[in-house]
Each structure stands twice: as structure tokens, then as C-alpha cells.
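Asker: This is what each chain is made of:
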Amino acid sequence: MLAFNTFIKCIIAYILLLPFASADISTGSFKEKLDLKILPKDYMLSSFNFKLKSDNIVSPRTSLFDFKKHNGFSRSIEPLLTKNGVKNLYIKFTKGHWDSQKWGKLPNNGWSSGGSGVEIWAMMEAGNKDEVIKNWNILMSEVSGIFCSSVSFINSEKITFINDIQSYYDVDLLDQIPIDNEDNELFFLRGSLANEAVCTENLSPFLRILPTNGKTGLSSLINGNRLFDSYWNSMSIDVNTVCTDDSSCYLDTEIDINFVVNIPQAIARNERPTPKPVPAEELQCDPNKKLTEWECFPLLSKKSYSFFLSDIFGTYINDSNRFNKEDVSTISITGIDDEHWSTGIKVIPRGVDDKDEIEALGLLGTSNHVYELKEHQKTNYDIYVGTTDNTKVSLNESEYPPIYVTRSLTGDSQDKGVMRVAFTNPSQERDITIRYFETLPWFIRLYVSSLKNNVKPHKNLDVPKFTGDVNDLIIKTDIKPSIIRSAPLHMQHTLRIPKNSVVMMTFDFEKPLLNYEEYPPDSNHGFEVEAAVVVVIDEDFEENAMNGETRGLLKSHNYIMRTSTLLLTLATPDFSMPYNVITITSTLMAFSFGLIFNLLTKRVVTFEDSKKLVTDRPLVRLLKGLKIKK
Amino acid sequence: MSLLLTLINRVVESGLIWKILKILPIISKLLLVISVALIFGIVPMDGSFRNTYISENALMPNQAYSQFRETEWNIVRGFRNEISSLNIWNLDVRNRIVRNWLDDFGLETDLYQTDFDSPFSKGLKSEVLYGVLNGQRCDGTEAMLIAAPWYNSENSYNVGGVSVAVALTKFFTNWPVWSKNIILVIPETPGVDLRAWVESYHKDLKITGGSIESAMILDYAMDSDSFDHLDVEYIGLNGGLPNLDMVNTAIHVAEHEGVKVSINGMHSFSKPSHEFKNRLEHIAVGLQKMAFAGLEPLKGHEAFSGWRIQAITLKAVGHGGGSDITTFGRIPEAVTRSVNNLLEKFHQSFFFYLLLSPKLFVSIANYIPAAILLSVAYAAMSIHAILKTGLLTSNDKFIDIQSIEAFVIYVVTLAVSILYRQFVAFIQNNHLSTQQQGKFILILQIFFVFTSYRVYVPKSKTKSLIQAMAFMHFSLALTLLLALNFGLCFGMGVLAYPMALAVEKNISKLKQRLFLLISNPFIAIFFMYSFTQDKWSWNLFNLMISSWDNIGCWTWPVVSSSWLVSWILVVISCNGEDEAADEPKKAKQD
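So the protein lines, in turn, are chains A and B. The numbers in the UniProt record's numbering rise by one with no breaks, and the one at position 499 of the first sequence is 499. The numbers in the UniProt record's numbering rise by one with no breaks, and the one at position 581 of the second sequence is 581.
Isolated chain A (complex conformation):
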């Protein structure tokens, strides 16, 4: 009864307060856009970008939702930050392999995706490191609750404190971050988890955060079936606390959802959910090769096709973003030329559901391939993309990644291994400087001293080969050794990669034996080792940034990427073995006990004496007596 009363009181209070609250002009906003980038070899990158801004928090101390009505900014975010002294929080879920040879640079210069699995960065305020770790652990359990993931496993065994913040964060924005207590410091932490299986339940929380809830606007396109049936996908949320002056602060949130699909495969998947062989009449054969009813050389390269976005996503765009009156949702298609590619938008008025009717609707095209969703009534939209020659897609010079990195484990033995990282600078003109940021679990006992470098030319070209001392290429090294069972090995090498060359670093490491309970349930799978981070740094920019001359432009200057994860095989016991071991040890112990016990208690006699003694035994005498009696 009491609870009910309180509830009624709350409602009354809310209704009374409502007019005052709404009188307060909301400064929050929500923007959305979709970027479709056609990549070579029929791949398409879909980049959804949502920008959310909260209302002003009067002071960083007060909570955002104390007095205001829901303004579209998710309520779950703010307590996550304020409770644990978190100022900025970046969470990135990524799955798959980004083929940079084919697809070029990562979207958004790599800043909106992480290593395979889940990766979390946080800027936290605290008095000391212990406090940070304590807060981090609380933060992780909350994040794992909200995002339905197992990030709570990112504990002190996996986290790293970042030294050269300027490479990963706009240092000139640091003064925008409010500090609650003057004695406290800001810490920048990173942790990741490689074996996180990213799936639909991780996506739903992302859509929940959006005010459109995944129901209207561009977000209505996103569904788990499509997103996770892709070659590469990444979901990231960046939350920043920004204070313009002492009194007005707000939370700035950006959600990026990127994924790559293969267009013909995605279309074929609609027609044939299982990839059965195509029917004979749909075979695309090369007419220049021998072609009969039973012989077909598949048509390679040049093909023509067209598709609607709904063919790939399985749904139309349902209405537009009506949340933000000043902004419209936009869709742009990039990476194509006008000669061989055409695009258009189809506006499907409300009430038109018939398939033929929809098909009959006309297309509207624009010359810059940018479409705005701005119908006044509720409408569905669909986007058309068609090509006459699908090979006419190429990356610009600026879209090629400045670096390729491969990292692998070699060596086959159960106790030792070699880690090999190769950095390739494909550029013919300039050297690059990179930061190679590595966090290895404690069970890779890496010998930092075993580092070997070598340089090979990338391609045999006329460019002069690198001739200097290989060890001069390492500009700076930071190493924090691992602590067994409690802290990872962290090392950061700042390297110079000469033009047109491959710098290969190798490290030897030792594989220890783990404790019985430290093996994961699927121990014969091997241990996933988290991806390393590589940042190609723009040195001039970083210098200026330290002097505070730039504002938040880091992401367009530094290119960040992750290597692939590794699979480490450690000696894995046969888990039925303990039983055998227990039996054998027990037997041995019983045996040796018996032996020693015998030695201690028995007399040593000669062979003849023993015979006599045996005959003197009471039992033998008794038997003898019996025999005699008979």
C-alpha cells in the first residue's frame, strides 16, 4: 500500500513538474546518417553513424536526470559514468577480418572499431591506481550487464594504463574534462577480450540507446541477422564528457555501426537461404571459352547487377528521424563513379504494401549520390544501386592504408614459441612513425631482450633500400613486465618504418604450465590472445596538439588499426588424467610405505635361519601337531 502511495505521489509530482521542465529548452540533439561505400570486388561497407548529445548538466556533480524529462538521451549511460568516476568511455565490439589489401583503410580512420572481440577504453578520475582498478571492475560488471557481454572478465590481468596519451586521445580536449576533486588524477585505461562472441544480444543494447529505438529512421535497417552475416562488423559507442565552461557540461555520445557484405552473395542469400548451386539458366558463363550445355567456364571479372537496399537488409527504411527538427537523416553512396554506377531513392508512401505497386514506383536520383529522408508524413524509403560494370570501383590514393601489419605465432613446441610481427610500409615516398601497443597475457612469458629486427624491401622497385642500422628504427620503448596471475605484459614500441619496406620484429617466449582450474572449458581450442594496437602517428600534428593548437582533429591525422588475434596452444592436460595420477601416486606411496615399514619392523636373517624360524611359528606348530595326532 505504501509503495502504491509513493507511486501515485511520484506521478502527481511528475505531472506538476512537467510544464516547468519542458519550459527548460533542451540542448540535447540526435543526428543520424548512413554511408554506403562500394568497395572493390563487390563488397559494400555500410556505416551507420548516430550522434547523441545530452542536455547540460549544471555541474558535473549533479546527475543529469534529476530534474529533466526524458529528452531522448539514454538514461542508462549517465549513472554508468558518474558512479565510477568515468569521464570518457569507448566500447567497441568487432568481429571478422578487415581485408585492408582489398578494402583499404578502416572506416573513420580506424577509430570506430576495435580488435576482434570487445575492446574498452576509459578515461577515469581517481586518487590512485588501486582506486582506478577498483572502479574499473565495478564499471566492467555494469557494462557487461548493459551490453550483455562478458567484459567482466577484463580484470587487472588484462588492463593496461596508457602512457603516450597524445597518440590515442586529443590531449587538447583534456581541459574540457571536469575534475571533481582537485587531488585526483585522470587515468586512461584500455582492456580487451578476444574470445567474446559478438552477437545479436550485444546489438540490442546499442539500438536501445538510440531514441528511435531501432524502430524508425535509419536504425530501422539494422537487424542482427544482416549485421552478423557479414565479413566484418563493428559496433562502437564513444561517450565523452564535455564541459564548455564550468557550469555547463554534457555527455557527447557517438554510436558507429559498420559492416561489410558481399553484394552478390547477400542478394543470393535472399533467393537461396542455403547456398545451393545456381539453376542452369542463371549460370553466368564466359562466352569466349568452351560453352556447352554441360560445360561452363564461369564468367570472371566484369559483371552487371543492380539491387535495392531492401534486398540486402530485408526491410525498407521506416520513416525518418523526427527527433531532431533541424537535422535530416542522410544516406550517401560513395566509392563509385557516375559513368558505370547509378543510384536513386524510392519513396514508398504510407499504405502502399503491394509488391507490384511498390515496384512501379519511380526512382529519384541525385548527382552526388546523397539522399535526404525528409518526407513530411510517415513514409518508407528504399535506395537503388545499379552498375553496368562492377570492376569500375577503385580506391583513391588516400584510401589505401598507410600500413599493413601481420602478427603471428610460429614455432611448434609445447614449451617455447616465437611471436612475429611484420609492419609493411607500402608507400614509395615517405617513412612513417608508428606506435605498436601490445598487451600480452601473463602466460605468454615473452623475453623482451630476445627482440630481433630485420628489414626487407616490400617490392623490388627502384626506390633505394633501407641501409641504416636496424636497431635505430626503434625510437622509443616502454615496457611494463607481467606479473604472474595478476598483470599482463605491456610493451609499446615507437618505430620508424622506412618507405617501401617490411620491418619484422620477432620475440621468443616461453609457454608455462597453467594450474588445473585456469584452463577454459574448451581448452583444446587454444588460448585467444588479444589483438595489438598499431597507430600511425602524424608527428607534426602531435607536437601541435601538445601545444593546444588543434581542437579534436586527432582522428583525422592518426590512423589506428588492430592486428588479428592469435591462437596460442599451451600444453593441455588430458582432463581425465588427475584420476590416473591419483591412483598411480597412491599406489606408489603405499608401495614405498610398505617397503620402509618392512625394513623398520622386520629382522634380517640368513636363508637357513629363516627356514628354522618359519617352522617355529605357532601356526605351523599347531598344524604339525594336528598332523601328528592324525
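Since the hints were derived computationally from the structure, they do not count as laboratory data. Hints are supplied without guarantee of correctness; some may be wrong.
[Unchecked claim] One side of the interface only, derived from the structure: several residues of chain A facing chain B at Cβ under 7 Å:
(1) Pro-275
(2) Pro-277
(3) Asp-522
Keep in mind it's a predicted model, so treat the numbers as computed, not measured. From the three backbone atoms N, C-alpha and C, an ideal C-beta is built for every residue, glycine too.
Given the structure of chain A, go ahead and fit chain B onto it with the hints provided.
Answerer: Frame of chain A, contents of chain B only:
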């Protein structure tokens, strides 16, 4: 305890131990007989083998419908027409054309240049085409491999194999299910260049796709649309076998597709497994393949031994039989899909086994006793020789000039045996043909047996010590080898046994020399190998060394550091003076 004590007392009383020690040579012979009987008599007998089964639940072979059929057939033929016409071109032209296709499918491709420089394969240059298909649900940590050499082990143009491999890869690109990368490798031959590629993959290859879980080599070296039966080859180098689950999966899948299956090229399908004779034949051939792996023409799967990769060769045999080329393609398709299901590495089933038919096997526990008995047989001979020295029973000093002599001979022999490789290389540099080299080495052995007594005749104690060391050395070597390469261990143990007969008392000189000759490692292996290959193989010794150099096949080092050492020592000891006839008897009286 009392009972045991009584028993021991009785044994001591009756002098049983001395009796046993006296008949050690007979016991040794008995052990040999039991060992051979165990393998060829007991193991193939009903009750000692089991039906194969899929141990890893995740594999689920044939649980899904294979799709490599219908219009895929047209595509296979389309590729086959092209590949068939490529036959006239050089390797690099062929590779470049196929590479273009693979690039178009969306694979990441590269060419790997192999270049050997060893005295036994000078300037062997080749090029391996390979490509990685990034699995849609894969993070790049694991891979499955399909290889199709341009020319197969019999040096015929593998037109069907390459076509199926290429068409299958194209077919695989449409599948969204891959949780492991798929690697396609097209080497010129299934031998050294494939091995070099695998080695490089684990060292410094440009494109890698994660740790390779399984490998299948497709061999369909004919132009015909259909084939008679499938042959599964699985025995790797140095006694390495793929996990039984992998072999089972392939056999299971093939039988499900209605293909006749044979293992080790034995036409198993025509040999009903309920007959003892057929099971025996399978064991014998299996052991022979295991012992000679790396010396016989390489099928392809041998290239993957030593990296925990489960590799098998699928070979289509016979023109125009009941199964067609897409059926051949459906087998790797289904196996790949099975392996793709695996979350953990292959670990459930057996790694040491003998197959008695495609669907019957014995695990290591049933056959390893044979090898243990063999090594005990040699140990018995060694103990017998030690007793002959009288060192155990008399109070003579152990270290005297004769025992030092024996040790020096042992060390020198060991060094000579290990350096034998240099000797063979030296012969080779003298412009002899491989045939002449082979003959020269064999003649040298005969020469050594019949003339060595002119150089050095050991005294009786030295003689016995040398003998003891020879047999102990061999026994230990066999013990080391028995679990690793059962075939080689068993073969060596049996073939070298005449050595033990040669040291018997009162044996005629001629008989002794004859026993020594037939137990010579070179002669024995040469005759055995020529017998199994059905032709005189004079190049065997070069082959042994080059396969050690190029593909890491142990046979040469194992033979030269164990059998050869013991054999030389036994020959030297046989040259020795006869001992004072009844030394052990005297000792007993003491």
C-alpha cells in the same frame, strides 16, 4: 607376503635365475617369435580390433546435404577444359593464369618460390601458388587446407584434382558458414615443394591464415568424368598419423556418397574385412608404409607431418567407374564442413593406431607390446654378452685395457656411423651415377664383413663387451622409437635379428658371415624396399639422405645412429677370439 616370500625362497633355492640366464639366447629368440606372432597373428584375430567410430561429436560427418552437384558439375568441366589445355605451358604460366582466377574469386593469393640448396637436391627450384579465402565467420586464427598438385606422385597431370580444387574453392566463396579460413595450395608436385611451402608457412610466409587444422590433397590425375574408387592415404612421415577422426570422417563421407573406398592403395573394398587374410594384409602394408614413409613417392599428406596438422590424400583411381568427379569434390566439401564445426583442435580420437580395413582399427595398447618384446629380446642378448665377460661374477677389475678398448671402439663406431652421411655425399661428388653409388655402398658392406678381421681382432673380454654394448644400444634405440614410429621400430627389430644369431656359440664361420650380411642395415633395407617396390631401387640411400635433408624424414639418422652402430660392433665382435669356453660355469661354482 609370506606366500611371495616362499616363492622367492624356492626360486633362490632351485637356482632358477641361473638357469634362465643360461638360456637367454633362447628366450631372446622366443620373444622375437612372440612379437611377430602378436602382430601378424593375434592383432588381426577377432576380438583384438574394434570398429572405427567418430569420437568427436562436433564433426557430424554427412549430417548436412552436400551441395557440390548439379550446375557445379558444369563449372568443374569448364575449369577442366581450361586446365587441361594448360598442360603445354610452363609452371609459371599455369600458376599465373590460375592465380588470376583465384584473385577474381576474392582470395588473397601469392606465389611462393622454393629454392633448395643441399648436396642431394641441387638447384631444385619451384613455385607454389596459394591463396587464402577469408572465412566469413572467422577471425583468422584457424584454417583448413586443400591442396592439388599439378603433377601427382606418379608424375601424371592432375587435371581433375586441380579442377575440382579450383571449382570447390569458387563454390566455397558463396558459403557464409566458414568459421576457419580456407587455404588453397597448388604446388608443382606433392613432394618437396609442398613440404617447403608448409615449412615456410610456419616461419615467414607472406600470407598466412592461422593455424592449419586439417589438410586434404586432391589427386584425380585423369580427364575422365568418372572414377572407379577412392584411395585414402594417411600415413605420414616419422610415424606421424592424422587423428583417427579425420581418416574416419573422410572414409565415412566417401562411403556415404556411394564411393568404393580403399586405404593405402590396397583395393580394400574388394577384400571383405571378415577374412583374417585381408586384415593381415592391411596390417602388413600399413606397417611397411609407416616404415618406408618418405622413401616411397610422396603423395602429399606427408608434407604436413610434424605440425599437428591432420593430413590425408584423397586419390581417385581408375577410369570410368561408378562415381563421378563431383562426387569426388563432395568428399572434401563434406570433410571441410565437418572440420569447420570443430571448436577445439582434433584431440578426441586416437593418434596411434593401425587400420585393418577402412572401418576396423587397433589402438596402440594392442600392438605396442610387440615392439616392447622386441627390444627386450635385444636386451636379453646384451645381458647374455655381459655374463660372458664374467665381470658380474668374478672379482676382476672392471677397468682394464680390454674394457677401455671396447669403449673406444664403441665411440669410434658411433662417430663413423653418424658420419656415414658425409661418406655417401663424398661418393656422390665423384660423378658416379646413383645406380653405381647404391651398388658401391652394398659392395662395401660385403667387403667389410669379409675383410675386417684382417684389420682388428678383439680379445675375448673386449669381444663380449662390444657385443653387450651393441645389443644394448640397439635395444635402447628401439625402445625410444617404439611409440613414435612403430612401423620402423618393428621392421628394424625383425630385420636386424640375424645379428643376434650370428653371435651364437659354435656357429660355422660361413653361416655367421651370412647372418651378418643379411642383417646389414643397407642390405636388409635395400632388399626389403626393392621387394615392396617390385624393382631394384639402387638410389635408395641417396633417397634416404635427401628425404632427411628436404622433408625431415628420420629414417636415415635413425638407421645410421642405431642399427648401423650395432651392426658394425657385432661384426667386429664376431671377428674376435673365442672366449675361454666355460667361464660362467666357473663363476657359479665360486
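Asker: Work down the list of hints and note, for each, if the structure agrees.
Answerer: The hints, checked one at a time:
Taking 7 Å as the C-beta contact cut-off toward chain B, the hint placing Pro-275 (chain A) at the interface holds, the least distance being around 4 Å. Given the 7 Å rule on beta carbons, the hint for Pro-277 (chain A) holds: about 4 Å separates it from the nearest Cβ of chain B. Given hint, Asp-522 (chain A) at the interface with chain B, holds; its Cβ is 5 Å from that chain's nearest Cβ, closer than 7 Å.
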